[in-house]
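**Q** Chain residues, written in single-letter form:
Number of protein chains: 2
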Amino acid sequence: MKNEIRVFAPASVSNIACGFDVMGFAIDEPGDEIVLRISERPGVTITKITGENGRLPLEAELNTAGAPLLSMIDKLHITCGIEMEIHKKMPLGSGLGSSAASAVGAAFALNELLDLGLSKEELLPFAIEGEKIASGSVHADNVAPCLYGGFVLIRGYNPIIDVVEIEVPENLYCTVIHPQIEISTKEARKILPKTIPLSDAITQWGNTAGLVAGLLKKDFGLIGRSLQDVVIEPVRSMLIPGFDEIKKAAMDSGALGCSISGSGPSVFALSSSLQTAVETGKSMKTALERFGLSGEVYVSKINKNGPRIIELK
Amino acid sequence: MKNEIRVFAPASVSNIACGFDVMGFAIDEPGDEIVLRISERPGVTITKITGENGRLPLEAELNTAGAPLLSMIDKLHITCGIEMEIHKKMPLGSGLGSSAASAVGAAFALNELLDLGLSKEELLPFAIEGEKIASGSVHADNVAPCLYGGFVLIRGYNPIIDVVEIEVPENLYCTVIHPQIEISTKEARKILPKTIPLSDAITQWGNTAGLVAGLLKKDFGLIGRSLQDVVIEPVRSMLIPGFDEIKKAAMDSGALGCSISGSGPSVFALSSSLQTAVETGKSMKTALERFGLSGEVYVSKINKNGPRIIELK
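Chains as they are written, first to last, in numbering that gives the first Met the number 0: chain A, 0 to 312; chain B, 0 to 312.
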C-alpha cells in the first residue's frame with residue numbers, strides 16, 4: 000500500500016463566451032498541487048496551504064479541498080485518516096477555476112492513493128462538494144472540465160449532472176491573461192440580470208449550439224463566429240479594467256474569439272495555431288499594461304487529461 | 000431550353016424543442032408542389048393555387064411563392080415572364096413550414112428551369128423574401144432546412160445568415176401529427192414572453208448545445224435528454240388541445256422526445272427506429288382523438304435532400 004501522493008489538477012476556463020454555466024475546458028497551466036498522506040489521526044487534517052497568503056481555512060469542512068475528502072470518507076466508509084497539503088499555484092478569484100482545481104485534485108488524489116477505483120462520474124459529486132463551499136452554489140462548469148480534461152458541456156443538472164465530453168480540433172490553442180486584480184465569484188454572480196430579453200437568449204443559444212457544432216466539425220470559422228456573449232460579458236466586463244482593449248488586441252492578433260474566463264478577471268482567447276496564441280498573449284498583455292495593470296499570460300492546448308499524479312510513494 | 004418544371008419542396012419541423020428560432024429539419028412528407036412555365040407575359044403570373052380553399056393571394060407580390068420569383072427576376076435581371084401553379088399539399092398554419100416550402104419550391108424551380116446555377120447559399124435570401132410575407136419577420140428556421148435538406152442550425156443572422164448543416168444519425172425518425180386546427184404563426188409569436196428568467200435561458204442553451212452534440216456524436220440518449228423546452232412549449236402548448244396527453248403518449252411509446260413543430264398545432268416526436276416512430280404516431284393519434292380532434296400522421300426519416308425536381312420538360 001502506498002502512503003503518499005502528490006497530484007496536479009489543472010486550471011479551467013468556464014463559460015467560454017456563449018456558454019455561461021454550461022461549458023468549460025481544462026488548460027495545461029496553471030494548476031494546483033495536492034499532497035495526501037495516510038495518517039493515524041482520523042478524519043482530514045490540513046497540515047499546510049501555500050500560495051494564498053493564509054487566506055484559505057485549515058478547517059477541512061470549510062476548505063474546498065477538505066470537503067470532498069470528508070464526504071468521501073463518510074460515504075465510502077473510509078477508516079484511515081488523511082493529511083493534506085494544498086499548494087495553490089494559481090491565484091484565488093482569478094476566474095480560472097482555482098477552487099475547482101483544489102477540490103478535484105483532492106478527490107482524485109484520494110481515489111488514487113487508496114485505490115478506490117472510482118470512475119470520473121463517481122468522483123464528480125465529491126469534487127462538487129468542494130466547489131459548493133467556494134461559490135455558494137452547485138456548478139460543475141469548472142469541476143467537470145478539470146476532472147475530465149478536454150472541453151466539457153454540462154447539458155443540465157436535472158435529475159443528475161449530465162456531462163458531455165466534446166472533442167476539440169487538434170490545433171486549438173488557448174491564451175489566458177490573468178490581470179493582477181481579484182473578482183469574487185459570488186460578487187460577480189450578484190451583478191447578473193435575473194431576466195434577459197428572449198431575443199438575446201435566442202442569440203446566445205444559437206451560439207452555444209454553433210460552438211459545439213464548430214468544435215465537433217473542426218470548423219474554426221464557425222468556432223470563431225460562435226464565440227460571442229450578448230448576455231454576461233457586457234455586464235461582467237465592466238469589472239475588468241481595459242477589457243474592451245484587451246479583447247480588441249486579441250482579435251487584432253488573429254484570435255478566433257475572446258471573452259471572460261469564468262467570472263473574471265482572467266480573459267481567454269482561442270486560436271487555431273500556437274503562433275497566433277503566443278502573439279495574442281503578447282498583445283493582450285500590452286493592452287492590459289496600458290491600464291497600469293500587469294498580468295500573467297498562459298498559452299496551452301486544451302488539456303485533454305485532467306488531473307495527473309506527480310508522485311506516488 | 001426547357002419550358003416547364005414541377006418541383007416538390009418538403010415540409011419542415013422548426014424549433015425542435017430547445018432550439019426556438021435557430022433549428023429545423025426537413026421531412027419527406029408532406030410538401031408543396033410548384034409548377035413554373037416560361038411565359039410571354041412579363042413578370043410573375045400565378046395561374047392556379049390548389050389545396051388552400053382560395054385563401055392565398057394570386058397577386059405575386061403578396062404571395063410567399065411569388066415574392067421570391069419577383070426578387071430573383073429583379074436582382075438577376077431575368078427578362079422572360081414566369082407562370083406559376085402552386086399546389087399546397089399541406090395545410091396553412093400547421094406549423095410544418097408551409098409558407099417556407101412554397102417559397103423554397105419557387106426559388107429552387109426557377110433556378111433549375113432557367114439554369115441559373117445559383118448555390119443554395121445564393122437561393123436562401125430569395126426564399127426568405129417569401130417567408131417574410133408569411134410570418135412578418137425574417138426567420139430561416141423553416142426555409143433553410145427545406146432548402147438544404149437535413150438538420151440545420153441557424154447560428155445567427157448578423158451580419159449574414161449563418162446556416163450550419165448538422166449531420167444526423169442514420170436511424171433517426173420523425174413522427175408528426177397535425178391536429179385539424181389552425182394556429183397563425185403571427186399570433187403564436189404574440190403570446191411569447193418578451194423576457195425570460197436567466198436560469199431558464201441557461202437550461203435552454205445547455206439543451207441546444209446538447210442536441211447538436213447528441214446528433215453529431217450519434218448519441219440517442221443525449222438527443223433525448225436534450226429535447227426539452229422550458230421557454231416556448233409551456234406557453235404555446237396551451238393553444239393545442241390535448242398537448243400534454245399527446246406528448247405523454249409519444250414518450251410512453253418510446254420516442255426520444257416530443258414537442259411542438261414550429262408554432263404548432265403540429266406536434267413532432269423523434270425516435271431511434273421506424274417501428275417506434277410508427278407506434279408513436281398511432282398512440283399520438285389516439286390521444287388526440289380523445290379530445291375530439293382528428294389528425295394526420297406522417298412518419299419519415301429526416302429528409303436529407305431538400306426540394307427535388309418531379310418533372311422538367
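Watch out, some of these pointers could steer you wrong.
If chains are identical, the list can't say which one is meant, so a pair holds when it fits in one copy or spans any two.
[What the hints assert, rightly or not] No farther apart than 30 Å at their CA atoms in a straight line, the calculated lysine-lysine pairs in the DSBU-like style are these:
hint, residue 1, residue 2
1, K74, K189
2, K193, K216
3, K312, K74
4, K300, K88
5, K217, K1
6, K312, K281
Hints were generated in silico from the structure; no laboratory data involved.
**Q** How would you label the pair K312, K281 (within, between, both, or neither) given a Cα cut-off of 30 Å?
**A** Classified as neither: same-chain Cα gap 40 Å, cross-chain 64 Å, threshold 30 Å.
**Q** With 30 Å as the alpha-carbon cut-off, assign the pair K312 and K74 to within, between, both or neither.
**A** The answer is within: 26 Å in one copy meets 30 Å, while 76 Å across copies does not.
**Q** For K74 vs K189, is the C-alpha pair at or below 30 Å within one copy, between two copies, both, or neither?
**A** Neither: 33 Å inside a chain and 52 Å across chains, both beyond 30 Å.
**Q** When no copy is named, should K193 and K216 be tagged within, between, both, or neither for a Cα gap of at most 30 Å?
**A** Answer is neither; intra-copy 34 Å and inter-copy 33 Å both fail.
**Q** Indicate which option fits the pair K300, K88 if close means a Cα-Cα distance not exceeding 30 Å: within, between, both or neither.
**A** For K300 and K88, only the intra-copy Cα distance (19 Å) is at most 30 Å; the inter-copy one is 53 Å.
**Q** Regarding K217 and K1, is the shortest C-alpha distance of 30 Å or less found within a copy, between copies, in both, or in neither?
**A** neither (42 Å within a copy, 42 Å between copies)
The structure is inconsistent with the numbered hints 1, 2, 5 and 6, although it conforms to all the rest.
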